[in-house]
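What follows is each chain in one-letter form.
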Amino acid sequence: MIAPAAIGTEMRPAVNLQPVAAPGVEPLLAIEGLRVRIGTGTRPVIDGLDLEIRRGEVVALVGESGSGKSLTALSVLRLLPPSAAITGGSVHFGGDDVGAMRPAALNALRGGRIGMIFQQPLAMLDPTCRVGDQVAESLRIHRGLSREAALERVVALFREVGIPAPETRLRCYAHELSGGMAQRVMIAAALSADPDLLIADEPTTALDVTVQAQILRLLDEQRRKRDMAVLLITHDLAVVAALSERVAVMYAGRLVEEGPTREVLNAPRHPYTKALIRCSLLQRDETGALISIPGGGASARDIASGCRFQPRCSVAATSEHAHACCSAEPSLQCCSGQHKARCWNVNAAPAMPVVEHRA
Amino acid sequence: MWLFVTRRLAVLLLTLLVVSVFAFLIPYLSDGDPAVLVLRSRVADFQVDQAAVEALRHQLGLDRSLLAQYLGWLNAALHGDFGYSYTSRAPVIDQIGRALLVSITLAMSALGIAIVIAVPLGTAAATRPGGPIDTAATFITQTLVAIPEYWMAPMGILVFALYLGWLPSAGWDGMSSLVLPALVLALRPLAYFTRVTRAAMIDVLQAPYITAARSRGLGMTQTVLRHGVRNGAIPVVTLFALWLAGLLGGSVVVEVIFAIPGMGRLIYEAVINKDVPVLQASFVAIVALSVLINTLADILYAVLNPMVRMAHAHA
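Residue numbers (full-length UniProt numbering), protein chains in the order written: chain A, 1 to 359; chain B, 1 to 315.
No wet-lab data here; the hints were simulated from the structure. No experiment lies behind these values; they were computed from the predicted model shown. Hints may contain errors.
If the Cβ cut is set under 7 Å, some of the chain A residues that face chain B in the computed set are [said to hold, decoys possible]: (1) S90; (2) R110; (3) G111; (4) P127; (5) G162.
Here a beta-carbon is modelled for each residue, glycine too, at the ideal position from N, C-alpha and C.
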């Protein structure tokens, strides 16, 4: 079961068991310096994002609403809404430059080599089209199957993702399904062409708690079976701890911390990550109130100068780098091995003992 | 679904019953004694003979109670007997039948032209709002809405019949005589259909399921055809039904200008001649058809939109 309690067990100081990528091995997905603008905003909402995913690796992208997680995912498939546009950086998938792809190659990439599932599964299904036909669409495009052959394959896929009575569910419309069932349909569609990467954009946020666990278990099971890489977008650290091998924390359009999941969750270096963990553990302060991060989630557009997290940071004001915090943005610096954080106090601040009272 | 259809048919019958009462009362709504009106229409002499009026009143059953008269009229009407036209002396039902066929042909041709142009045009405009197609479509539709039929029809005759000589200027004689009136009649619905299609498609194309379809590898054109048009068509179906019902008796201007023997002209002439039986029957026929068309549209709506079907099944 994946419940917040899972974090406690994951958090005991542990040896990093992550396989270290052999240097020189090409990553499956490489995002470099990605910049995305919305409308005519002066500052990009995603501002120089770097992220790599290796074959078969599960990477979690974490951050609060508005931090640019979903836009990052849509940028990979070049499916940004018309109001948003990629203004810089590059996305390479399997060595191919996604930005330079022609429409036919892009369509082969979408749903073929990269599958995607979304936050609101019911809204993601066409209300006037039977769900079987929508899943079959993918097989017809990427596998060139006839409608009949595709539907036959869909039955098998439905069975695989745990949809009961698949033959009858084929003929259902979206409004006849529950949220969990609709997400299983979306997963079946995303997996239908055996993609190398699955992008899961908050796949369980809209579902109720018991269904969340089932869907997460299904995702974990399928990605192991298929040796598929997963980009898991979420704000739920319990999900991160349970599923991902590596985690990247986003704040206001930039990565602020990145590293092996255990290391980041056990010994977070960035004050924002520390605060996120503290919030998700439902810790209480001296007055008994639940701990929260002061201030509102900042979008990359509102930042003046200095560190983007500085206005809400509990460390900045008192640290020896207080001046730097306000005047210049720190770079993503290495703190140990593959663990990086974007903070002036990265080496000054000791790792926060987040779980001592829970152990 | 069947419950839904049955219920709609019940509403249809109820509406017809109410309409029949109003139709029956038409002669009483106008000033003057119906018997006098009938006599006046038969003899040009304004000084009608009182004895003749009484005789006719009895002959027509006008001396019976209103309810008895209504039931008698309704019974006859149900058997397809709406009496004889005051002016042509021919059975009204035959006249209505012929005129309706003409009007339906004309209206369907006009709306067919309108929809065939409007749906692709509105969809194309919606895929790139503010783009060249959208700008052109907006300009054209605004112009079309503003031009009245009584200007468009003579201009059409002037250009295509008199100047170019491609089409007949008036009458009702085969395909060639249908083209010009149908085109003139198509212009305004064309404008409305285009705008509604555009608005509906802009909404639909922003829907999450469109992004999801694209994420499965569907190209833009395929996505619009497979997931856009059907969802976008739903409001257009409703509008189509309203226009069809409206044009059946409402294309008066075009029918009169082009001398087309349809419902519009029939009603126009019946009003001028105070031809009460024709008016009564036209009224009933047009309302009946309007309700029937709207019922069919609602059924089509349910076919297009499974969610509506579900709501009715549970209602």
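Structure-based check of each hint:
no. : hint : in the structure
1   : S90  : violated (20 Å)
2   : R110 : holds (4 Å)
3   : G111 : holds (4 Å)
4   : P127 : holds (6 Å)
5   : G162 : violated (20 Å)
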